[in-house]
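A.B. asks: Take a look at the letters that make up each chain.
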Amino acid sequence: MNIAELSAYGYFALTVFLVVVLYGYIYHLYTKKRDAEGHDYEEYSNMALNDDIGSTPVKPLSRDKEN
Amino acid sequence: MENRPLEYDYTVAKMFMLTTIILGIVGMLIGVILAFELAFPSVNTILGSGLAEYTNFSRLRPLHTDAVIFGFTLSGIFATWYYVGQRVLKVSMAESGLLMFIGKLHFWLYIVGVAAVVVSLFAGVTTSKEYAEFEWPIDIAIVVVWVLFGMSIFGLIGIRREKSLYISVWYYIATFLGIAMLYLFNNMEVPTMLATSPAGETAIGNWWHSVSMYAGTNDALVQWWYGHNAVAFGFTVPIVAMIYYFLPKESGQAIYSYKLSLLSFWGLMFVYLWAGGHHLLYSTVPDWMQTMGSIFSVILILPSWGSAINMLLTMKGEWQQVAASPLIKFMVLGSTFYMFSTLEGPIQAIKSVNAIAHFTDWIVGHVHDGVLGWVGFMIMAALYHMAPRVFKREIYSKSLMAAQFWIQTLGVVLYFTSMWIAGITQGMMWRAHDEFGNLAYSFIDTVTVLHPYYAIRGVGGLLYLVGFLLFAYNIYKTWTSDKEVDAERLNQSPMGA
Ligand code: HEM
Chain A
1 MNIAELSAYG YFALTVFLVV VLYGYIYHLY TKKRDAEGHD YEEYSNMALN
51 DDIGSTPVKP LSRDKEN
Chain B
1 MENRPLEYDY TVAKMFMLTT IILGIVGMLI GVILAFELAF PSVNTILGSG
51 LAEYTNFSRL RPLHTDAVIF GFTLSGIFAT WYYVGQRVLK VSMAESGLLM
101 FIGKLHFWLY IVGVAAVVVS LFAGVTTSKE YAEFEWPIDI AIVVVWVLFG
151 MSIFGLIGIR REKSLYISVW YYIATFLGIA MLYLFNNMEV PTMLATSPAG
201 ETAIGNWWHS VSMYAGTNDA LVQWWYGHNA VAFGFTVPIV AMIYYFLPKE
251 SGQAIYSYKL SLLSFWGLMF VYLWAGGHHL LYSTVPDWMQ TMGSIFSVIL
301 ILPSWGSAIN MLLTMKGEWQ QVAASPLIKF MVLGSTFYMF STLEGPIQAI
351 KSVNAIAHFT DWIVGHVHDG VLGWVGFMIM AALYHMAPRV FKREIYSKSL
401 MAAQFWIQTL GVVLYFTSMW IAGITQGMMW RAHDEFGNLA YSFIDTVTVL
451 HPYYAIRGVG GLLYLVGFLL FAYNIYKTWT SDKEVDAERL NQSPMGA
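Protein sequences appear in the order of chains A and B. The opening residue of the first sequence carries number 1 in the numbering used here; numbering runs sequentially from there. The opening residue of the second sequence carries number 1 in the numbering used here; numbering runs sequentially from there.
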């Protein structure tokens, strides 16, 4: 097997792997419907709809905790 | 002063809005000139043969493509980033002196880069790689501009109040990363002054001149991996970022399915990078790579339509808004054109179709139904939505906007229909042969047949340019109007009659 053939097989394996990951992600999104912190994914649309500087964030990030 | 409530700061967004409009006018004007040069060759020497060097098709063509891509579109991307970024992260640029400084530096260095590009391309200084024509000193400047853009993005993310990143931000990040990678790899070049010829000469050519580090087929492969993905990360990803923000916001409708938007994002990232090989079908690149380019191009329909359908479904039950608002019309037609060109592209990437389509005007038609109908419409819609919020004035004229919409839609339709007919006619004529394999037509036969379609394309392009001038005028009048709006509208943008 020369390098070209090897890279073609490697490429194929990578494709299969990525396809599995992508479908796994689809399965995860539609069965769990919520992310790890319990937010329904659909709530995130509100980030655009309520985007005044004073609006309450969907998931607030407390700045004090950071430093 | 101190007690003034915190507000979003649109200083940098405004600067880039200005360049979006100016470079849009320049780029499209050159496009119209090119179109008429193809239809009426005498236009090539319109300023006399002494100046023909600067007015001929080949000198102007890269100026057109680079002005509309790196001028108009990129400015639009930057303008919307400096607007959308703050809003969905719920943090103002006014809160960080450093980010403000970076934003302004980003703008001014960009202007320096644009000036250098315009001068050098007019002077005929070019690397001759499509969409990568700039010589190495300019490439370095562009890299600096890009790094500043990245610092802006990640800087703003760093001080955000909203923990999760809205889907548009993902797309902006992907734009940044994608273009950074593509640009660096494709522009690996060696200044000729560093080279030594076999005869022992050194310091060859002008100091700014360079040659690609790759040779032959490799150069072609890297070039079209770049070229096609410049379409991906310049004309698709950031424009999707825009529509995911501006359409829900302007219509007041939550995205139909946020989950679908996440999926389409990863799908697009996964598939797009492999599709570039479709530019090199029937060339010297390995056959499996060409097949891969075709297959991935066809698969690309799925994530593209995922986003486009998601946008159309966002309008579910709210279609009266499309009738009522020219601003929504632009976006809905934009996502329709997106669906349309992401179906057309994969069709052209099928090998047997490509055998007819390659090198013909059908490709140019495909490019322009995407860029005029999708990229152009979406950027203008974004600026229209931003204008009342940035200038705190109501949009000068709704009827002017509606007129612009219809004029430009007609322009786009004339452009792509004429190029379809021209392209397929051309492709068929080039292949036609008699029973002994002699070609049935010579090149000039096709030129004669295509003339009327070239003229129609010129008219279509002119209509689009007229519409763009109406847009510029409308924004200018909005900016300078005295009809202030005191409270920002949550959704629908305020428009004067
Ligand atoms: C007023 C509207 C426009 C007109 C009349 C126009 C006209 C043209 C013409 C005549 C060409 C050369 C075609 C050839 O070589 O046969 C061209 C190429 C191109 N234009 Fe435009 N253009 C317009 C707007 C735009 C916009 C807004 C964009 C992008 C945002 C764009 C992107 C391109 C690209 C990427 C190419 C190269 C296509 C290829 O190599 O296949 N154009 N345009």
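Treat the hints with care, since some could be wrong.
Unchecked claim - No farther apart than 30 Å at their CA atoms in a straight line, the calculated lysine-lysine pairs in the DSS-like style are these:
#	chain 1	residue 1	chain 2	residue 2
1	B	K14	B	K392
2	B	K483	A	K59
3	B	K163	B	K104
4	B	K316	A	K32
5	A	K59	B	K351
6	B	K104	B	K483
7	A	K33	A	K59
8	B	K477	B	K398
9	B	K483	B	K392
10	B	K329	B	K392
11	B	K351	B	K477
12	B	K104	A	K33
13	A	K32	B	K163
14	A	K32	A	K59
15	B	K329	B	K316
16	B	K163	B	K14
17	B	K392	A	K59
18	B	K398	B	K316
19	A	K33	B	K392
20	B	K483	B	K163
21	B	K351	B	K483
Stated by the list, open to error - Counterexamples of contact, computed for chain B against chain A with all Cβ distances above 12 Å:
#	residue
22	T55
23	V88
24	V91
25	Y131
26	V169
27	P191
28	T284
29	S442
30	D482
Worth flagging that the hints you see were computed from the coordinates, not collected in a lab. We treat Cβ as the ideally placed atom computed from N, Cα and C, and that holds for glycine.
A.B. asks: The structure should be examined with respect to each hint, and the outcome stated for every one.
C.D. replies: Structure-based check of all given hints:
1. The suggested pairing of K14 of chain B with K392 of chain B holds, with an alpha-carbon distance near 12 Å, which does not exceed 30 Å.
2. Between K483 of chain B and K59 of chain A the alpha-carbon distance is near 37 Å, which puts this suggested pair outside the 30 Å criterion.
3. Proposed proximity of K163 of chain B and K104 of chain B is supported: the alpha carbons are some 26 Å apart, at most 30 Å.
4. Annotation: proposed proximity of K316 of chain B to K32 of chain A holds, straight-line Cα distance about 25 Å (limit 30 Å).
5. A hinted pair counts as satisfied when its Cα atoms are at most 30 Å apart, and K59 of chain A with K351 of chain B does not qualify at roughly 48 Å.
6. The hinted pair formed by K104 of chain B and K483 of chain B meets the criterion: a straight-line CA distance of about 28 Å does not exceed 30 Å.
7. With a C-alpha separation of about 17 Å, the suggested pairing of K33 of chain A with K59 of chain A holds against the 30 Å cut-off.
8. As the CA atoms of K477 of chain B and K398 of chain B are separated by approximately 12 Å, the hinted pair is consistent with the 30 Å bound.
9. The suggested pairing of K483 of chain B with K392 of chain B holds, with an alpha-carbon distance near 9 Å, which does not exceed 30 Å.
10. For a cut-off of 30 Å, the pair hint linking K329 of chain B to K392 of chain B stands: about 23 Å separates their Cα positions.
11. With a C-alpha separation of about 50 Å, the suggested pair K351 of chain B and K477 of chain B falls outside the 30 Å cut-off, and the hint is violated.
12. A threshold of 30 Å between alpha carbons decides the hint, and for K104 of chain B with K33 of chain A the separation of about 41 Å lies outside it, so the pair is violated.
13. Simply put, K32 of chain A and K163 of chain B have alpha-carbon atoms about 20 Å apart, close enough for the 30 Å limit, and the pair holds.
14. Between K32 of chain A and K59 of chain A the alpha-carbon distance is near 18 Å, which keeps this suggested pair within the 30 Å criterion.
15. For the hint pairing K329 of chain B with K316 of chain B, the CA-to-CA distance comes to about 14 Å; that is within 30 Å, so the pair holds.
16. A threshold of 30 Å between alpha carbons decides the hint, and for K163 of chain B with K14 of chain B the separation of about 26 Å falls inside it, so the pair holds.
17. Simply put, K392 of chain B and K59 of chain A have alpha-carbon atoms about 29 Å apart, close enough for the 30 Å limit, and the pair holds.
18. A hinted pair counts as satisfied when its Cα atoms are at most 30 Å apart, and K398 of chain B with K316 of chain B qualifies at roughly 24 Å.
19. Distance hint between K33 of chain A and K392 of chain B is unfulfilled; the C-alpha atoms sit about 39 Å from each other, more than 30 Å.
20. In summary, the hint linking K483 of chain B to K163 of chain B is not supported, as the alpha carbons are separated by about 37 Å, beyond the 30 Å threshold.
21. Of the supplied pair hints, the one linking K351 of chain B and K483 of chain B is violated, its CA atoms being roughly 57 Å apart against a limit of 30 Å.
22. The beta carbon of T55 of chain B is kept farther than 12 Å from every beta carbon of chain A, the shortest such distance being approximately 46 Å.
23. Under the 12 Å C-beta cut-off, the non-interface status given to V88 of chain B relative to chain A is violated; the minimum distance is some 5 Å.
24. A beta-carbon of chain A is positioned within 12 Å of the beta-carbon of V91 of chain B; the least distance is around 8 Å.
25. Every C-beta of chain A lies more than 12 Å from that of Y131 of chain B, the closest at about 26 Å, which supports listing it as non-interface.
26. With a least beta-carbon separation of about 9 Å from chain A, V169 of chain B fails to lie farther than 12 Å from that chain, contradicting its non-interface assignment.
27. For P191 of chain B, the non-interface assignment is confirmed: its Cβ lies about 31 Å from the closest Cβ of chain A, beyond the 12 Å cut-off.
28. A cut-off of 12 Å between C-beta atoms confirms that T284 of chain B is not in contact with chain A; the least separation is 14 Å.
29. At roughly 40 Å from the closest C-beta of chain A, the C-beta of S442 of chain B stays outside 12 Å, upholding its exclusion from the interface.
30. Even its closest Cβ contact with chain A, about 25 Å, leaves D482 of chain B beyond 12 Å, as expected for a residue assigned away from the interface.
The structure is inconsistent with the numbered hints 2, 5, 11, 12, 19, 20, 21, 23, 24 and 26, although it conforms to all the rest.
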